[in-house]
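**Q** Protein chains in written order, with the numbering used here: chain A, 14 to 186; chain B, 14 to 186.
The hints are simulated quantities; they were obtained by calculation from the structure and are not laboratory data. All figures in this text were calculated on a predicted structure; none of them were measured in a lab. For every residue, glycine included, the Cβ atom is placed at its ideal position computed from N, Cα and C. Errors might be hidden in some of the hints.
Covered by chain A, according to a simulated footprint, are these stretches of chain B (three or more residues, beta-carbon under 8 Å) [unchecked claim]:
| hint | segment |
| --- | --- |
| 1 | 29 to 42 |
| 2 | 82 to 96 |
| 3 | 108 to 116 |
| 4 | 127 to 134 |
| 5 | 150 to 162 |
Protein chains: 2
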Amino acid sequence: MTPNENPAPGERAVWQVRPIGLVRSPFTSQAGVPVQPALAGPEDAGTIEIYEQFAEGLDGLDGFERIWVVSWFHRTGPVRLRVTPYLDQRQRGLFATRAPSRPNPIGISAVRLLRRAGRVLHVAELDLLDGTPVLDLKPYSPTFDVFPASRQGWLEERSRQTGRADGRFDQDR
Amino acid sequence: MTPNENPAPGERAVWQVRPIGLVRSPFTSQAGVPVQPALAGPEDAGTIEIYEQFAEGLDGLDGFERIWVVSWFHRTGPVRLRVTPYLDQRQRGLFATRAPSRPNPIGISAVRLLRRAGRVLHVAELDLLDGTPVLDLKPYSPTFDVFPASRQGWLEERSRQTGRADGRFDQDR
Chain A
14 MTPNENPAPG
24 ERAVWQVRPI
34 GLVRSPFTSQ
44 AGVPVQPALA
54 GPEDAGTIEI
64 YEQFAEGLDG
74 LDGFERIWVV
84 SWFHRTGPVR
94 LRVTPYLDQR
104 QRGLFATRAP
114 SRPNPIGISA
124 VRLLRRAGRV
134 LHVAELDLLD
144 GTPVLDLKPY
154 SPTFDVFPAS
164 RQGWLEERSR
174 QTGRADGRFD
184 QDR
Chain B
14 MTPNENPAPG
24 ERAVWQVRPI
34 GLVRSPFTSQ
44 AGVPVQPALA
54 GPEDAGTIEI
64 YEQFAEGLDG
74 LDGFERIWVV
84 SWFHRTGPVR
94 LRVTPYLDQR
104 QRGLFATRAP
114 SRPNPIGISA
124 VRLLRRAGRV
134 LHVAELDLLD
144 GTPVLDLKPY
154 SPTFDVFPAS
164 RQGWLEERSR
174 QTGRADGRFD
184 QDR
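My request is simple: use the sequences and hints to build the entire structure.
**A** As structure tokens, this is what we get:
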């Protein structure tokens with residue numbers, strides 16, 4: 014395999030991404046999907062199927078309780094730079110939200126890894142639609158990823174509620 | 014703006030990503046770059062310059078102490094599915110590491126947001142090379158992103174040391 018081409022310095026390049034696998038989940042439409050893994054439960058379970066050609070890269074992932082799933086939001090509608098996020102009633106700048114309709118519709122989900130069966134990962138606390146393409150997996154590390162005291166702007170109050178998506182960012186709306 | 018094209022179900026599609034901005038940092042080569050924001054310090058500071066056309070999406074980001082920078086590792090070498098990560102002496106499956114040479118070389122960095130000046134974000138605890146393309150920004154949320162007790166496999170011991178990169182994943186090696 015070769016890496017993607019690099020741009021000339023200063024150039025506004027375009028790069029290509031390709032799925033390394035696929036999410037299988039009980040969620041077939043955006044309405045009802047947990048807004049985040051942290052707002053999902055153990056019953057929100059599914060699998061991540063990694064394509065054969067990438068299976069070797071999974072070695073050692075089993076040791077991690079949680080993994081980052083970097084995904085492609087394949088069902089989102091047009092990009093809007095101001096959105097009303099699921100957990101709020103006010104418009105916010107898109108980048109101050111985790112709404113899926115983004116210039117590069119890339120998601121990051123810290124899901125719980127239950128077990129690995131070859132190239133199939135059984136996961137829970139899943140917030141991704143069935144069929145979501147997976148671009149990357151990374152280990153979740155408390156050392157790297159935990160910053161507990163961080164101020165969280167408009168989410169400070171809102172994030173204490175549980176959240177399920179409606180269809181507001183769906184391509185079909 | 015329109016979203017990227019969606020693939021037919023089951024198709025192994027290719028999508029395009031485009032930078033929304035650029036990292037300016039003191040790091041001009043991989044050797045010496047902090048391995049993760051958590052292993053960087055306040056002196057590892059820089060800016061993230063978001064292109065004008067996306068500036069409106071930054072509204073409200075100031076309220077967050079920390080932000081996820083989703084970046085494109087533009088200087089990495091060929092993909093290997095087994096790598097010896099910076100913090101270890103043993104080969105691991107690529108997806109059990111945060112090494113930059115990945116099938117889709119996408120990075121996630123939780124950097125500290127110091128202040129925003131229009132479309133320029135002043136940040137610290139930065140682990141990205143100067144010129145790194147930015148694909149997305151998301152608010153870091155303790156509610157969504159903090160899972161403190163997670164087991165972390167081979168990183169359990171290793172992550173207590175501080176880490177700076179050498180050039181092992183550089184395209185020029």
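**Q** All hints are to be evaluated individually against the structure, with a verdict given for each.
**A** Hint by hint, here is what the structure shows:
Coverage of the segment 29 to 42 of chain B by chain A holds. Counting CB-CB distances below 8 Å, 5 residues qualify, and the rule asks for three or more. For the segment 82 to 96 of chain B, the stated coverage by chain A holds: 10 residues have a C-beta nearer than 8 Å to a C-beta of that chain, and at least 3 were required. Interface restraint, the segment 108 to 116 of chain B with chain A: holds (7 residues with C-beta to C-beta distance below 8 Å; minimum three). Using a Cβ-Cβ cut-off of 8 Å, 0 residues of the segment 127 to 134 of chain B lie near chain A, which falls short of the minimum of three, so the contact claim is violated.
Requiring three or more residues with a Cβ within less than 8 Å of a Cβ of chain A, the coverage given for the segment 150 to 162 of chain B holds, as 13 such residues are present.
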